[in-house]
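These protein sequences, in sequence, are chains W and F. Residue 104 in my numbering is what sits at position 120 of the first sequence, and the numbering runs on without skipping anything. Residue 84 in my numbering is what sits at position 100 of the second sequence, and the numbering runs on without skipping anything.
Worth flagging that the hints you see were computed from the coordinates, not collected in a lab. Just so you know, not all the hints are guaranteed correct.
Copies of the same chain look alike in the list, so a pair counts if it fits in one copy or across any two.
As the list claims (entries may be wrong) - Capping the alpha-carbon separation at 25 Å, the derived lysine-lysine pairs in BS3-like fashion look like this:
| # | residue 1 | residue 2 |
| --- | --- | --- |
| 1 | Lys61 | Lys16 |
| 2 | Lys122 | Lys6 |
| 3 | Lys223 | Lys192 |
| 4 | Lys219 | Lys238 |
2 protein chains.
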Amino acid sequence: MEVVFIGSGNVATQLGLALKSKGVIIKQVYSKSYANAEVLAKKLDAEATSDAADIYMDADFYFYALKDSALRSTLKKLELPAGIHVHTGGSISIREFEGFTTRFGVFYPLQTFSVNKSVDFSVIPICIEACNQDVLEKLTDLGGLISQKVIMLNSESRRKLHLAAVFACNFSNYMYDVASQILESSGIPFDIMYPLIAETTEKIKTLKPYEAQTGPAVRMDDATIAKHLDMLNKKRDFKNIYKVLTKSINNRHKNTK
Amino acid sequence: MEVVFIGSGNVATQLGLALKSKGVIIKQVYSKSYANAEVLAKKLDAEATSDAADIYMDADFYFYALKDSALRSTLKKLELPAGIHVHTGGSISIREFEGFTTRFGVFYPLQTFSVNKSVDFSVIPICIEACNQDVLEKLTDLGGLISQKVIMLNSESRRKLHLAAVFACNFSNYMYDVASQILESSGIPFDIMYPLIAETTEKIKTLKPYEAQTGPAVRMDDATIAKHLDMLNKKRDFKNIYKVLTKSINNRHKNTK
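If we strip away everything but chain W, and leave its shape as in the complex, we get (with noise of 0.2 Å):
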């Protein structure tokens, strides 16, 4: 099995390489910058190239792991070859491809990436979605490669998933942020936090994430809140958040509490 990867960020990366640790062959990494591609391209064993001209014709299937935006202008730069092209986005509809090509699909593994940080695939759920059952019988055993939970899920689903994965992952990593740099300021330790941070999303297992709130914005504590806005003087991103979550999270719980 042959596959090119258009693109070389850190999904291309991260799903490159766990592909190939299934044997699956990366023959070639197309980036605008050729040094992109070559960076990637050097680990996966592929050929890297910055030419739309040059790419490779006969792979099984093109993965297009790029920014949304980039995905249209790049289809219209190549002439696409016969294989099965899909991307990896969670916010892109599938029709994307349409008029480009006809056997497409789209391949979404709901996972936070970094081109240093390798994940295990094998618990990542991968959302998958074709332009017909033989596109989709392909998609469905190639991501059964690398994953046990491949999922069918069409392009509305798939954006709200994603939608959700922004909150779930990628602003509460942001929480985390803002906290390191508030005990920065003291110079308190991040790693503190491991405990309270792991226990945070242990909980969730157990109870909704509704029934597990606890802090002062839900127990209505407007004493500690006043304190916390006031520390927060000098740093009005910082006071902003914390007073549009705390207005929402009491929203929320005023009617139960």
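For this one, chain W is given, so just place chain F on it according to the hints.
For chain F alone, coordinates are given in the frame of chain W:
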């Protein structure tokens, strides 16, 4: 060793159970509401009371596990026995006890507690502060009974730690709550998020949260952000949170990308 709890909520429950499991006798639970005192007293094999005049006089420690705003009014109501008086609050100064007793301190476990979810206390950082050396030693010993991580922290640092914890725990849990509501509306079970959430918290053990940040906000993916905001049109609350956090992540990363 004998302990009295003033307050009967999440912290009193879990701390009481942890102390009891190490052989500490929980003599009494006081709460304004007798019913609440009784619920916890039963779990701890303790007496229940809602009468300030009935407070047991010979305990070694009196734990005030109350809403911040309730501490002072409760202190005014009680005639304080001779034992050591400590509160468990992150944001309340040790000085709240001044004028009420001469033996006092703080015993703040950095964790999120719910009445019905037990926790492993041995890994929980316990932040202590004391009015003098003698009380400090007694609190250190008591903390050491239940945790391997007893830390001395003054009121100002503890206040910052508590603020950081609100972001890292309470606010990140609310992000899970928002995600679960978004998924609910399309019938996707929340447990599909577990591997993503686990990886998000795993990453920050090897990368700083700042380095671990992913998502449309950090990669300035305006097309995806616009789609997400559009999907949140009917949820003004969530849309506002999305905007505020995206803007803040943008500001934090704009000089590095």
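Of the numbered hints stated previously, which ones are contradicted by the structure, given in increasing order?
none
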